[in-house]
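Number of protein chains: 2
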Amino acid sequence: MPIVEVKTRVIIEGVQPEIDGGRFPIKRVIGEEVSVEADIFTDGHESLSALLLYRSEDETKWTETPMTFLVNDRWRGSFVVEKMGFYRYTIIAWVDKFKSWRQDLIKRVEARQKDIEVNLMVGARIMTQAQQKASGRDRRLIAEWLDTLQSKQVTRKEKVRLALSDDVARLMQRYADRGFAATYPKELKVWVDREKARFSTWYEMFPRSCVPKPGQHGTFRDCESRFPYIAEMGFDVLYLPPIHPIGHTNRKGKNNALTATPDDPGTPWAIGSEEGGHRAIHTQLGTLKDFQRFVRKARDYGMEVALDIAFQCSPDHPYVREHLEWFRWRPDGTIQYAENPPKKYQDIYPLEFESKKWQELWEELKSVVLFWIEHGVRIFRVDNPHTKPFAFWEWLIGGIKADHPDVIFLSEAFTRPKIMYQLAKLGFSQSYTYFTWRNAKWELEQYFTELTQTPVREFYRTNLWPNTPDILSDYLRDGGRPAFIARLVLAATLGANYGIYGPAFELCENCRKDTVSEEYLNSEKYEIKGWDIEKPDSLRGIIRLVNKARRENPALQSDHSLRFHHVDNDQLICFSKCTQDRSNVILVVVNLDYRYRQSGWVTLSLEELKIAQNREYQVHDLLVDATYTWKGPRNYVELSPEKLPAHIFRVEKQSQRKRG
Amino acid sequence: MPIVEVKTRVIIEGVQPEIDGGRFPIKRVIGEEVSVEADIFTDGHESLSALLLYRSEDETKWTETPMTFLVNDRWRGSFVVEKMGFYRYTIIAWVDKFKSWRQDLIKRVEARQKDIEVNLMVGARIMTQAQQKASGRDRRLIAEWLDTLQSKQVTRKEKVRLALSDDVARLMQRYADRGFAATYPKELKVWVDREKARFSTWYEMFPRSCVPKPGQHGTFRDCESRFPYIAEMGFDVLYLPPIHPIGHTNRKGKNNALTATPDDPGTPWAIGSEEGGHRAIHTQLGTLKDFQRFVRKARDYGMEVALDIAFQCSPDHPYVREHLEWFRWRPDGTIQYAENPPKKYQDIYPLEFESKKWQELWEELKSVVLFWIEHGVRIFRVDNPHTKPFAFWEWLIGGIKADHPDVIFLSEAFTRPKIMYQLAKLGFSQSYTYFTWRNAKWELEQYFTELTQTPVREFYRTNLWPNTPDILSDYLRDGGRPAFIARLVLAATLGANYGIYGPAFELCENCRKDTVSEEYLNSEKYEIKGWDIEKPDSLRGIIRLVNKARRENPALQSDHSLRFHHVDNDQLICFSKCTQDRSNVILVVVNLDYRYRQSGWVTLSLEELKIAQNREYQVHDLLVDATYTWKGPRNYVELSPEKLPAHIFRVEKQSQRKRG
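Those protein sequences? They're chains A and B, same order as listed. Per the working numbering, the very first residue in the first sequence carries number 1; after that it's consecutive. Per the working numbering, the very first residue in the second sequence carries number 1; after that it's consecutive.
These are calculated hints, taken from the structure and not from any lab test. Glycine included, C-beta positions come from ideal geometry on N, C-alpha and C. It cannot be assumed that every hint is accurate.
[What the hints assert, rightly or not] According to the in silico footprint, chain B covers these stretches of chain A (three or more CB under 8 angstroms from chain B):
1. 95 to 109
2. 138 to 152
3. 340 to 346
4. 615 to 625
[To be verified] Just some of the chain A residues that point at chain B, by a computed CB distance under 10 angstroms:
5. G44
6. S47
7. F69
8. D73
9. R76
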């Protein structure tokens, strides 16, 4: 084993954040901080200096920022990302001769050692090296200091005071000898999105159901008349199920019936007919021009339109005629339809990603996304990404984002945890979660602690949905209106990104098709619905208040600050979110029991929320506009499902006003 | 972004064990198992197969062993290492077409689907591909099966039974299509030591103190007469402080006095005089020949001699005259002595590892180790390795082990945790620990859980010392004999490797030099001691019993099985160790209070120890040869410091005999 030239004595390890050894980038949005920690140490007793280096991908030079020692050989530094696209970061650290010498001198002075003349000479030697690198004023300054240190006229005390001065330390840092510095061998990446990737409020709706007259097929134009209603509730993303022509072969009827009547419209996810495929628009909705107008008008209401990317085909899709190789053929000469035995989806053909013509297929699918980007769409909800190869998504999303860094992809993968995480790692901006099925306090606390307080948070941005067209949960079915409000508040405050499928949600629609599935009775997936959005018991009012609280309180616009607080009643859940400087603190309490009034004592971690221990503070309920005066960590709460099962408190530490 | 040829859909991640992304090997001894886990998954719903591949460094071909699915996409496989040196392991996994098809068929059969003729044809297609790879009997067998599947004479039921048979599954596995397999991109390493690296019992002694007459300087020959005494106690490693010539310049006197009298022998760590340096032997101990005889004789008593590697020099060391560049020179023309302000070690010069002649220095130091290897030494205790560069140790140990895989290095680094771990990662076989200062139950439980139940255990082999020539702990000083016994039992049972510094230990020597340091009064480091090893209250008898228990119970010969059990008294600690098959289970209870009798109820995890819930079992105390009958998880214990503050129970699940 030959001796290798070993240039450094410094070890840099345990770097966080770092996803899978640097294989994947962490995620941030513009204006967010990247806080980096590492174990940095050397042999012996000398002192170290460490810098965090970072740059955006289009800069060639690193920006340096100092790391500071925390405890137990752990160091931390941070920087703020200021534009979309990739950033890189790494660490450099070295044995700092001057700092080591300074520490040594301090110890000697503290031990009242007298014979430090030689030590001062050692210091002068280090300063001479720094002087050789300096120029101008700095060089002259160091020369003066060296004269003082070596002068016989100056007292020992005076020399020590100079040697330990901040001025000397600063210049010695500037001209430190980094010849033997250790550089962390990896350049770690950050992907920076626009802010909406972190904070967005989604409303999912079937445009065909915005009907002026019951039974009619709604159009984009009809749908526009619903914009004021949706915008007034405070949503900023309007997500549409597929808007493409619907196949007729093996079309499903109402409630997923195997055969359809001529009047049945079919499911929008059976994409493609003689009218066209993934680039076409279902004629009954309107034209491409209508769609573009729809997108524009939505923008006037502060809403972005999100489209559904469902890469699958009805038997009538043009691909089936033009690209036989993109499908899986069975020995009997038929194409394999979608199937998950015993379930069969005869109206849908999956694409064959492993065919010999896979490259052609991949390019085509990417061009579909680009087509809608060209037509003004910047947000895509991707249907079942976990049934297509991981490499496909990494390639597609990577390619799209390289040219369009403002595009946001939401992963609709309701599958096993590691698969959901993998999709997020390889590029999806947001992801669906298990929130929909997490109802008990311990479940919510455990799951959201994993999502927001472990390395998962670096790559997995949640988007919480209390319901979807596929999922009417047991909790909503059984609990009705109080359950809908509880789940609304949980989704909107646990998650900076959340969405509802409306108007089913705000109208508290909770009839199930059967006892074995989570499907709605008379699901909108298979028929056109006429919703009575003006119903007096609609949740639109409370939704408006919840979304207003989100807009006005930055604490609710990100997830990393989430903390659960103890309540001595398992039916009450309590958590807080706050800005980094604690200037905005939101405290949420929800009664998870939709049947009975529940009360208990909340125990807050006052120190964490920067609330004074012994002074009164106000908590202002943003839903009912009432203020309570609290004191200390333990305070009483009581919530009745029939009134309002949740508090969203803003904590007001400066007690400007007092109300009951 | 060009499309890359993506050959696999399988992800392999979260591989354990893997130290720092594969930068360092894990450690095992001959005969031990390496159990490897990984997250392995793919998109979609198909089934996977995964293999663990391993080979010793001198084999070119991998051995394959199947991995089995655990839960949540986690898989596990294992292999046993059979010789010293490096092994490598990695993982291969693929989407298994046949397994997927088989699973699909099972679902269809369970759903009582009738039209499975096409599915059977799909299966036949997969089997035809396998057939093309097979030859001989296998090929004929598959041909027969294909005939059956495609025959019109055979019933559907018969075909299904064949398709799902174990025989078919086995051959399809053998000829599986691995064309699109994923291979984990890293080859991870195992370093395999001989067994003593994991299980060893150390006795440290100063040979010069084995004096027949008080005041005389003991020789190796004198020392040999103590072999029966040490061997009878059950030690198998005899570790000697440095045996080299001791310097006289600035020699320290008794109790570390700044000036020595002509009679003071100096500390063995001030290495080197006119008589020689690290290759020489202190004349008063004997000759190199005497040393070799000493090593041989020790072996006759079942003991290996371990030497101390202390890379530092007295001012009289030949290096100082011959290699001025290997030391750090101060501006006043003197060599920098060892110093940790305000402490000064004027009798010791550290070596300068960063000098221009560092390569020459490194080679020389390595040759010192090789010199003692040539003279029969295979175990080295390395003094203060944390004050020399990490790269130096990695190079030295790596180089030595490449030619001498049986060499064991013990790291004597009492410093910050990450530095201690780093030294272990880069090659030290065993390491000192903080055990010496961990006295409370919660401290011991927390520390030993970290050492034995986290990834630390893969690279950090502990060697536990209740005392050393440098450390007489508060606990031993204050507690006297009961404290010595408690710490002996803890060291010997918590750690498969442990050692004592004797005869100070067995004679319960507990006088401190002063109140500020942990130094012994009249420390053997600075003077020759005459120990009365025949003192009637010596611990030699109990040490013999403890070491016998270790030798006879494989449970005590490794650390990975360590589990703590609850006792409702914080002065009593209880833990178990067991063999993998639970055929040998040892249960230890220690009273940590050296003043008072303590009693309490132990709660055992019976399931983990494979003890039947409702049957009586015996616990046999190996120290006092008494047996108790226990039942269920909760049992009473009581220990008096003045009698014996510890139980070492062997759990006897088959109750052959009953004694009181």
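Evaluation of the provided hints:
1. Residues of the segment 95 to 109 of chain A with a Cβ under 8 angstroms from some Cβ of chain B number 3, which satisfies the need for three, so the listed coverage holds.
2. Coverage of the segment 138 to 152 of chain A by chain B is violated. Counting CB-CB distances below 8 angstroms, 0 residues qualify, and the rule asks for three or more.
3. Counting residues of the segment 340 to 346 of chain A whose CB falls under 8 angstroms from any CB of chain B gives 3; the rule of at least 3 is met.
4. Coverage of a stretch by a chain is defined here by at least three residues with a beta carbon nearer than 8 angstroms to that chain's beta carbons; for the segment 615 to 625 of chain A and chain B the count is 0, and the condition is violated.
5. A distance limit of 10 angstroms between C-beta atoms decides the matter here; for G44/A the minimum to chain B is near 5 angstroms, and the interface restraint holds.
6. At about 14 angstroms, the closest approach between the beta carbon of S47/A and any beta carbon in chain B exceeds 10 angstroms, and the interface hint on this residue is violated.
7. Look at F69/A: its Cβ only gets to about 12 angstroms from chain B, farther than 10 angstroms, so that hint breaks.
8. Checking D73/A against chain B by beta carbon gives a least distance of about 5 angstroms; that is within 10 angstroms, so the hint holds.
9. With its C-beta approaching chain B no nearer than about 15 angstroms, R76/A sits outside the 10 angstroms limit, and its interface hint is violated.
Hint violations for this structure: numbers 2, 4, 6, 7, 9, all remaining hints satisfied.
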